[in-house]
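**Q** Sequence:
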Amino acid sequence: MPLAFSLGNIGKFATFMSPIFISGFLLVTSAMDWNLKGPVYLIGLTLAYGLGLLLKALFLTFDGGQLGGKWSRKSFNITNLAPPGWTSQAMPDYCSVFEGPFDNHAIGKISTPSLSAIFHGFTLTYIAIAVGTNPYKPIGGILFLIMLGFNALLNLFYRYKMMCDTIPAALIGIIVGSGLGAAWWAIIQATRPDWLFFGSDKQDKKCKLGKTKFKCVYG
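In terms of my numbering, the sequence shown is residues 1 to 219.
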């Protein structure tokens, strides 16, 4: 069922698509600046997603390997007072932009941890530590961080309101994502700090006048 054209639905669509928009923006920025910051960020994010899937498998065992337990997604049907257009599937299509490798597996029916929360926790922490430890406090990084935080809050709110994620799933996802974001920042900082977004901006890279003196000679 298509979304009705309204300001609220535009906001929902933008936030649900935000992981793709943000990742794409960072990759394009990296490509335009001819560096590896974007691919390095994406590698860390992929590792975080991989761990998130492993944790979903762990929570599936907590439910005894059966669906319908504490950590499973709720069934979406009219008995849940779901809005019109919802189906009896375990997860509505709009909760996942693209079909994942385990969407048809029992792991895909486990809500904890929220992969969206892992994305926001990882990205926010990875960027925030880089900006916070940069002695020059780049204004572009600060503004980008504020935008990321606002988008994360809005996205997680919509996902909870539309029954895509539970509060425990989101909280655990944020904790896992933040921890992995901090760890990935530490690894890159210790090896190639110039691969961090907003982490190596130095004043000597900016255009400035030198101290060269010129002498005028009259013929």
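Because the hints were derived from the structure by calculation, they are not lab data.
By construction, the Cβ of each residue, glycine as well, lies at the ideal position given by its N, Cα and C atoms.
Incorrect hints may have been included.
[As the list claims (entries may be wrong)] Label-pair restraints from in silico Cβ distances: (1) Gly-24 / Thr-61: 27 to 37 Å; (2) Pro-168 / Asp-194: 34 to 44 Å; (3) Met-32 / Ile-142: 28 to 38 Å; (4) Ile-175 / Met-17: 17 to 27 Å; (5) Lys-137 / Thr-61: 16 to 26 Å; (6) Ile-167 / Asn-35: 15 to 25 Å; (7) Tyr-136 / Trp-34: 13 to 23 Å; (8) Gly-132 / Leu-153: 34 to 44 Å.
**Q** If you test the structure against every hint from before, which numbers come out violated?
**A** Going through the list in order, the structure violates hints 3, 5, 6, 8 and respects the others.
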